[in-house]
Amino acid sequence: MDWQAFFAMGGYAVYVWPSYGLAAVLLIANALIPHWRERRLLHKLQAGAREET
Amino acid sequence: MPERRNPINSIVAPRPEPLSVFAWFHNLGSPRNFYRIARRLTPWLGGTTALLLALGCVWGLAYAPPDYQQGDSYRIIFVHVPAAWMSMFVWVFMAVAGLITLVWRMKIAGALMRAAAPLGASFTFLALVSGSLWGKPMWGTFWVWDARLTSELVLLFLYLGFMALQSAIEERGSAHRAGAVLALVGLVNIPIIHYSVEWWNTLHQGPTVTQFDAPSISLSMLLPLLIMAIAFMTYFAMAVLKRARCEILEAEARSAWVRQLGATAPRGDA
Chain A
1 MDWQAFFAMG GYAVYVWPSY GLAAVLLIAN ALIPHWRERR LLHKLQAGAR EET
Chain B
1 MPERRNPINS IVAPRPEPLS VFAWFHNLGS PRNFYRIARR LTPWLGGTTA LLLALGCVWG
61 LAYAPPDYQQ GDSYRIIFVH VPAAWMSMFV WVFMAVAGLI TLVWRMKIAG ALMRAAAPLG
121 ASFTFLALVS GSLWGKPMWG TFWVWDARLT SELVLLFLYL GFMALQSAIE ERGSAHRAGA
181 VLALVGLVNI PIIHYSVEWW NTLHQGPTVT QFDAPSISLS MLLPLLIMAI AFMTYFAMAV
241 LKRARCEILE AEARSAWVRQ LGATAPRGDA
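Sequence order for the protein chains is A and B.
According to our numbering, the first sequence is numbered sequentially starting from 1.
According to our numbering, the second sequence is numbered sequentially starting from 1.
Think of the hints as simulated: they come from the structure by calculation, not from any bench.
All values reported here derive from a predicted model rather than from experimental measurement.
Beta carbons are placed, not taken as given, at the ideal position from N, Cα and C, and that holds for glycine.
All the pointers check out, no bait thrown in.
Which stretches of chain B does chain A cover? Using the computed rule of at least three CB atoms under 8 Å from a CB of chain A, they are:
(1) 59-71
(2) 125-134
(3) 238-245
(4) 255-261
If we strip away everything but chain A, and leave its shape as in the complex, we get (with noise of 0.2 Å):
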């Protein structure tokens, strides 16, 4: 496979390889958000839960 020409994209490198960075950076994005807000809340839980005894 000849990857320089895979990579400039028949000449429209700059405008395919942005579209799929930015839907990259998005999925990640939101599918992190929630894992560490979780975390964060099951540690306020569990900090909660040991006061408590």
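Based on the hints, put chain B in the right spot on chain A.
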């Protein structure tokens, strides 16, 4: 619930509850059960999404043939069209969840509606930006006030308005009800977006896939497009469940099962 000491029960075995569709629906509607099921589903949905995205991207970027008119620039379609479809689907999803919230006061419907909004906004933003990046080489401009583009921009503002409304109302129940009304009213925009390319003859091209006779797209391009569309769908299912899990934990923080979750969850595990 304490076991009832009914003398009859000690003689005759209690009849098991028939598991009707209603009972199943009711069970799913309880935040506790929903949380448990959502937690079990998300890893599978995430794995499926990753596989489909990898397959769709490799197929779409490397193996699908270049378009005879648009060259390689058309490959933007594999993110643009799924994002645009999802931008509309998510609003319909929110409107349905909103209706359930208003009619049955189902808590998890409100949580799902709220959880969907940032995802819908992301899909809409992606559809607009990728469309712009496709428009520049093909139309010679990043933006025109074409009916399709304008109505999609209105959709982005609807999502942002919905999110602003949610963060403005402190009490969860009223936030859900206000959001449900906005979701239902905003539904008017969806057919406008969909039919804009037929009602107003403007710059955006007509539909390539959703034609009733036969799609005007070759199979070698249609298949990766459909794979990407399914990938976006499973992604949405995964992400909306993940976010709804947080919503439920926050809303139910005082309830016994959530406290118990905090007490029993091993440290560092989420």
